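Given chain A, put chain X in place with the hints provided.
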Amino acid sequence: MPALKPFILKLTLVAGLLAACAPTAPTAPPEPGAAPAGDLVLYSGRSEALIQPVIDQFQALYPDINVALKAGSNSELAAALLEERANPQADLFLTTELMTVQKMANEGVFQPYQPGTPDAVPADYHHPDWLWTGLTLRARVLIYNTQLVTPAAAPQSVLDLTKPEWRGQLAAAGSTNGGFQAHVAALRQLIGDAATTAWLTGLSANEVQFFGGHTDVRKAVGAGEFQVGLVNHYYYHLQKAEGSPVAVVYPDQGEGQMGVVVNATGIGVIAGARHAAAAGLFIDYLLSPEGQQLFAELNYEYPVRPGVPLHPEVQPLTGLRLAAFDVVAAADSLESTLDLLETLGIP
Amino acid sequence: MANLIVASLVGLQSRWRERQIGKRRLSRPLLLAALAVAALVATPLAYLLLRAATAPAETWARLLQTRLLGLLTNTLALMAAVTLGTVVLGVALAWLVERTDLPGRPVWRWLLAVPLAMPAFIGAVVHVALLRPRGGIVPRFLAETLGVDWQGPSPFGFWGAAFMLTLFMYPYVYLLSAAAFRNLHASLEEAARSLGRNAWQTLWTVTLPVLRPGLAAGALLVALDVLAEYGTVALLRYETFSAAIFLQLSGRYDRSAAAILSGGLVVIALAVLAIELWLQGRARAEQVGGHWRPAPPQPLRAWRWPAFALVAAVSLATVFVPVTVLAAWTVQGLRDGPTLAELDRAAGRGLGHYLFNSLWSAGLAAGLAVALSVPVAYLAVRYPRWTSRGLSHLCQVGYALPGVVVALSLILLTNTALPALRGLPLVVVLAYVVRHMPQAVRSSQAALAQLAPSLEEAGRSLGRDSLNVLLTVTVPLIFPGLLAGAALVFLTSLKELPATLLLRPAGFDTLAVRVWLAANDGLYPQAAPAALLLTLCAAVPLAFLLRRGRI
Numbered sequence: 093m094p095a096l097k098p099f100i101l102k103l104t105l106v107a108g109l110l111a112a113c114a115p116t117a118p119t120a121p122p123e124p125g126a127a128p129a130g131d132l133v134l135y136s137g138r139s140e141a142l143i144q145p146v147i148d149q150f151q152a153l154y155p156d157i158n159v160a161l162k163a164g165s166n167s168e169l170a171a172a173l174l175e176e177r178a179n180p181q182a183d184l185f186l187t188t189e190l191m192t193v194q195k196m197a198n199e200g201v202f203q204p205y206q207p208g209t210p211d212a213v214p215a216d217y218h219h220p221d222w223l224w225t226g227l228t229l230r231a232r233v234l235i236y237n238t239q240l241v242t243p244a245a246a247p248q249s250v251l252d253l254t255k256p257e258w259r260g261q262l263a264a265a266g267s268t269n270g271g272f273q274a275h276v277a278a279l280r281q282l283i284g285d286a287a288t289t290a291w292l293t294g295l296s297a298n299e300v301q302f303f304g305g306h307t308d309v310r311k312a313v314g315a316g317e318f319q320v321g322l323v324n325h326y327y328y329h330l331q332k333a334e335g336s337p338v339a340v341v342y343p344d345q346g347e348g349q350m351g352v353v354v355n356a357t358g359i360g361v362i363a364g365a366r367h368a369a370a371a372g373l374f375i376d377y378l379l380s381p382e383g384q385q386l387f388a389e390l391n392y393e394y395p396v397r398p399g400v401p402l403h404p405e406v407q408p409l410t411g412l413r414l415a416a417f418d419v420v421a422a423a424d425s426l427e428s429t430l431d432l433l434e435t436l437g438i439p
Numbered sequence: 098m099a100n101l102i103v104a105s106l107v108g109l110q111s112r113w114r115e116r117q118i119g120k121r122r123l124s125r126p127l128l129l130a131a132l133a134v135a136a137l138v139a140t141p142l143a144y145l146l147l148r149a150a151t152a153p154a155e156t157w158a159r160l161l162q163t164r165l166l167g168l169l170t171n172t173l174a175l176m177a178a179v180t181l182g183t184v185v186l187g188v189a190l191a192w193l194v195e196r197t198d199l200p201g202r203p204v205w206r207w208l209l210a211v212p213l214a215m216p217a218f219i220g221a222v223v224h225v226a227l228l229r230p231r232g233g234i235v236p237r238f239l240a241e242t243l244g245v246d247w248q249g250p251s252p253f254g255f256w257g258a259a260f261m262l263t264l265f266m267y268p269y270v271y272l273l274s275a276a277a278f279r280n281l282h283a284s285l286e287e288a289a290r291s292l293g294r295n296a297w298q299t300l301w302t303v304t305l306p307v308l309r310p311g312l313a314a315g316a317l318l319v320a321l322d323v324l325a326e327y328g329t330v331a332l333l334r335y336e337t338f339s340a341a342i343f344l345q346l347s348g349r350y351d352r353s354a355a356a357i358l359s360g361g362l363v364v365i366a367l368a369v370l371a372i373e374l375w376l377q378g379r380a381r382a383e384q385v386g387g388h389w390r391p392a393p394p395q396p397l398r399a400w401r402w403p404a405f406a407l408v409a410a411v412s413l414a415t416v417f418v419p420v421t422v423l424a425a426w427t428v429q430g431l432r433d434g435p436t437l438a439e440l441d442r443a444a445g446r447g448l449g450h451y452l453f454n455s456l457w458s459a460g461l462a463a464g465l466a467v468a469l470s471v472p473v474a475y476l477a478v479r480y481p482r483w484t485s486r487g488l489s490h491l492c493q494v495g496y497a498l499p500g501v502v503v504a505l506s507l508i509l510l511t512n513t514a515l516p517a518l519r520g521l522p523l524v525v526v527l528a529y530v531v532r533h534m535p536q537a538v539r540s541s542q543a544a545l546a547q548l549a550p551s552l553e554e555a556g557r558s559l560g561r562d563s564l565n566v567l568l569t570v571t572v573p574l575i576f577p578g579l580l581a582g583a584a585l586v587f588l589t590s591l592k593e594l595p596a597t598l599l600l601r602p603a604g605f606d607t608l609a610v611r612v613w614l615a616a617n618d619g620l621y622p623q624a625a626p627a628a629l630l631l632t633l634c635a636a637v638p639l640a641f642l643l644r645r646g647r648i
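Going down the list, the sequences are from chains A and X.
Quick note on my numbering: the first sequence kicks off at 93 and runs consecutively.
Quick note on my numbering: the second sequence kicks off at 98 and runs consecutively.
Excised from the complex, chain X in its bound form:
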């Protein structure tokens, strides 16, 4: 009850504060800058929807007859399965690591987040190579050494895709719920226990409901990622909207069918995003201040070692097995004559070149996205009105634009409006910026929200105008927060596959593209060095973010 009162008081106070701030005049240059950013991000979407709507009627009819229903069920089924899987796995792991006496907690806390450094499709490559019926490493090994004809479950199709994506996407939910478990008020649970509930009942009736808003947001982010996923589903032969769009783009001259399918995908994604934004807005009001103290860990007793086995199995499947297999392939590639020659040639052009391409394109995208996010975030946080909030929400449509869709809209745009951009790697960077702008906007908003407006007011009272204050006071002060946003954009851009694949000019390959091209041809030893290098590069910003607790 007391909490409720505190919550409503906090809410009232902030609303009053917003009204006070809201009376300030919007700085015109800032507003124009934010408008330009929102236009940049929203143009591909608008153009795409226009193309879908104006596509020839017979293309619509052909797709409606043959593809749309099947794709819709496939996509929604996978989305539901992976979202459910990641929530169960993510919350369970977070609870074990944060709230129990699980052995080795400090190590697991880190290891369980590591899958974020590896693109899911690389995990899928390893998974297929290991488990493929008849041809896989595991069935072959069993047949040759033990004489056992074990075929195991097929790594392909719906279950294979759901399994792989759950394994590589649970960290979103895991990190969000781990943070929530850490911040959870001990007194809430103690009250439940003192009223006679046992530990299980407390978990279900008190702890999880408190986690729900954050969890829902995490789950919806997973859902959006599943919609956008291309590499994994294509490799595992499960056709979703994203894979079908890619197929249309590589199989047809006519882009209108791809535009229609993209329109369908974006409508689903926008619906998910709208729910997520709505929940985010609500979640803010439910945060409660108070006297935080850590809750004592829950003894697992007999479940201690089974729980340990679960956590170990997840780490084994997501980190140790893929890295070991990739390392073995790399070594095999280095020892085998023809493959070494192939690698050598690649290195001559070379592996370093691909690394360089990956780093500069992701780095430039990170810098641009964060720089562009500042005016939008600043307006949304300091001048909260429907216009500024709307702009901020508009900048989040990138979440609803899968890589293939961004690529398609940029292909169409550069084709009609901006032919000069055609054939430049800058288009790839632009795709990263559009696609990952939401992460930058959210990070910048979070950083700004923590900065007291009084500092800026002091600057203004000394006669500086808003723009000057923003550049000389605000940005330097929130620089660490901006850096975290940049690290996040850098990490996701590094792992990006479909847009890069479709937009890359001749001769411009990134590490992710190299891995994909080689793995798609079944040339695993050639794919492995680039895959290891990519994972290593992605681990750097990930470690930075984990240390800051900003993921």
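Next up, chain A with everything else stripped away, as it sits in the complex:
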């Protein structure tokens, strides 16, 4: 069979080429003390658009470290981390609220890491043993379209969203979104389970459009597809920056009202991480004045580090009535909160 040899040769070549193209498994951890290099694997609950600019700046400082990003929802990545505990794939986990990092800390997913400048983080915003660290704060606000809603008519409390006048006019991020999950968990502490259930049922009855993320919400409100949206405060600024006719309400500021709910983003180093040293450098960078400034300027967030200036357009949190809730207790109620959302059929 003379025709066979070239044929088999071709097959082998093709297979060889394909195999050569396939990236190989991550290699063994580097020697301790070696200059940090290699792939730093970051699981991020923040969407890629909101974290990539910061990663780019970090990589400009440390060109030998390649940050490999997997962005998803907090809960999806948390589930992956729990499954990977025996064979960790990630070095860092960044979330958009603190319940999930607290829960991961309880589950032994993190190893402690104390930043180079521990004073950068107020005690309320890090784990007592430094298993996670807060990075930035964000307020849960209402965004509305000024062509469709007058300031006087705009809802002043998140509890107003169940009023019949808003039927079919509301957008929010749904049950897979960490910000929304944390908001519901906070409400359960603030107004109780019965009132929270009634609120969620009221949202469903008001035909709230639940999206996968807040970008959809802000765009829909900006375009006038919906009149009011429930978002984190910086989504208002991002939409405003696109030139849309939108305004913001920091809700529940009246006497006797619960106050605006504030979440923090958090980050932790994975126990057994292959690149723990590089992971520490990354956290230090995010907490440095430059890193904090990036979050404030590019994404209008409240830096966790005291003294870093806010973006001039952002309303300072000082002087606002802030909702008082306990993150640790909220983390313990995370799963029952998810159950509640599912039972009520919130998409």
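Hints are supplied without guarantee of correctness; some may be wrong.
[Stated by the list, open to error] As a list, the in silico SDA-like pairs of lysine to any residue whose alpha-carbon atoms are at most 20 Å apart:
| id | chain 1 | residue 1 | chain 2 | residue 2 |
| --- | --- | --- | --- | --- |
| 1 | A | K332 | X | G232 |
| 2 | A | K255 | A | Q345 |
| 3 | A | K332 | X | N171 |
| 4 | A | K332 | X | D433 |
| 5 | A | K332 | X | L228 |
| 6 | A | K332 | A | K255 |
[What the hints assert, rightly or not] Residues from chain X shown here face chain A by an in silico Cβ test under 7 Å; the list is partial:
| id | residue |
| --- | --- |
| 7 | A139 |
| 8 | G348 |
| 9 | R519 |
| 10 | G604 |
| 11 | D618 |
Source of the hints: derived by calculation from the structure; they are not laboratory data.
No experiment lies behind these values; they were computed from the predicted model shown.
Glycine included, every Cβ here is placed at the ideal spot set by N, Cα and C.
Frame of chain A; chain X shown alone:
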């Protein structure tokens, strides 16, 4: 009558032949290889069903109370609507192109198959951007230039999803019925006409019934694809089983609810697949040899231009509008400062990198799937018994395993049994192989069925063993057929979204994933270049397949 006799004679002859061949001993290595392949494909399914069955009772109760009924009606309604829509549209277009004097037939014949190169969710992205009430390009344009407040039909929900999926899935039915129309015996219709039936009556009473088995198979493939669809329904805010499973996977820590929903989805899909396999078996017996000659085209007369308008509208909606909008977005992205910076950064990491990921993962999947399909196909064609046929059918369960389900079962499997695979892009390739193995098996079987066994018998009579003959005689001879199967797997793997999305390790993004991530955030100019590139890449294997007439 004569045809009937021919048909039964052909059937008898082949059954006799099968019995003769069936007496040969099965080669043991081949059988083991085929068993291993079937095990590889069937393990995710078995594991998933096990997980669903052993899920906690309260999870079952919670889902039964709240989700299952609604999801079931949603999913079945969409499946029925899209299947019906694609059959009507596909057959109508095929008839117009193959059997009438429609103007521009040679061009339409190709253009109408082109939607296969574009994933439906990319079409849906464009559709939403154009028609979205209040925010869409078309309503805004009308309001700003003409002062007309036109909101149009909402692109979202059931009708939006049914419309989009029909537009992007009709080519399955179109290609199958176009081939059937081309191969149809002219004398059948002539007999009907000579007995006094008019053209319409002939179409309904003679032509369509002859097409029915092939059509039914095409329709069931569409139904399976609708069950598996994730991107389009998620984007159009219509919740089906696939979308709900994805939601469970991204919203919960606990995988058991997702496993239960997947079990439900797979049961529906297996039922559809079983009908399809059964019809396929029957369709084979109904093929009739004879003196084929082309039937003369049917004059459309007054309907000529309305028919032309229909065909043009379909091409406009499925090819020209999406490509134009994507191209415009790309240009806009290149001209707009911040977006260009974004693209630049993406390119630095970059667009070429995503292209490379897409190509090698789809290419490796295509090679693996075809290589693995050979032993299964060979046994099923050359040693037709219940064991070999059963193995071949088992390898087709991929059709019944939507991307999200394959992903979930691989997540569960790598989690428990194969932790070493975790975090490797190879898992993504494995998902493609499992999911698209049926296409490879069917292509290889078709190629083998056309090869006369006498060639192999000659090889054996010269003292070679079965395995040697398979490798040195059979595979080289059916290589073009295998290549067609590989092209098909490559094409569908390139377009795959949900499994890639769920299984990709950090830093491993494909073009489809990039399009989805950007479009999902409403960043259309950033999504467009990857979408165009993906469509372009998919057009290559599609053109190859269309030339070979193998789709």
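Status of the hints after comparison with the structure:
About 15 Å separates the Cα atoms of K332 of chain A and G232 of chain X, which keeps this hinted pair within 20 Å; it holds. This hinted pair checks out: K255 of chain A and Q345 of chain A have alpha carbons roughly 18 Å apart, not beyond 20 Å. A threshold of 20 Å between alpha carbons decides the hint, and for K332 of chain A with N171 of chain X the separation of about 37 Å lies outside it, so the pair is violated. Our distance criterion of 20 Å between C-alpha atoms is met by K332 of chain A and D433 of chain X, whose separation comes to about 18 Å.
As the CA atoms of K332 of chain A and L228 of chain X are separated by approximately 23 Å, the hinted pair breaks the 20 Å bound. A distance of roughly 26 Å separates the Cα atoms of K332 of chain A and K255 of chain A; the hinted pair therefore is violated under the 20 Å criterion. At a threshold of 7 Å, the smallest CB-CB gap from A139 of chain X to chain A is about 23 Å, leaving the interface hint violated. This hint holds: G348 of chain X has a C-beta 4 Å from the nearest C-beta of chain A, less than the 7 Å allowed.
Using the Cβ-Cβ criterion of 7 Å, the hint placing R519 of chain X at the interface with chain A is satisfied: the shortest such distance is roughly 6 Å. Look at G604 of chain X: its Cβ gets to within about 3 Å of chain A, closer than 7 Å, so that hint holds up. The criterion of a C-beta within 7 Å of any C-beta in chain A is met by D618 of chain X, whose closest approach is roughly 5 Å, and the hint holds.
In summary, the structure is inconsistent with hints 3, 5, 6 and 7 from the numbered list given earlier, while agreeing with the others.
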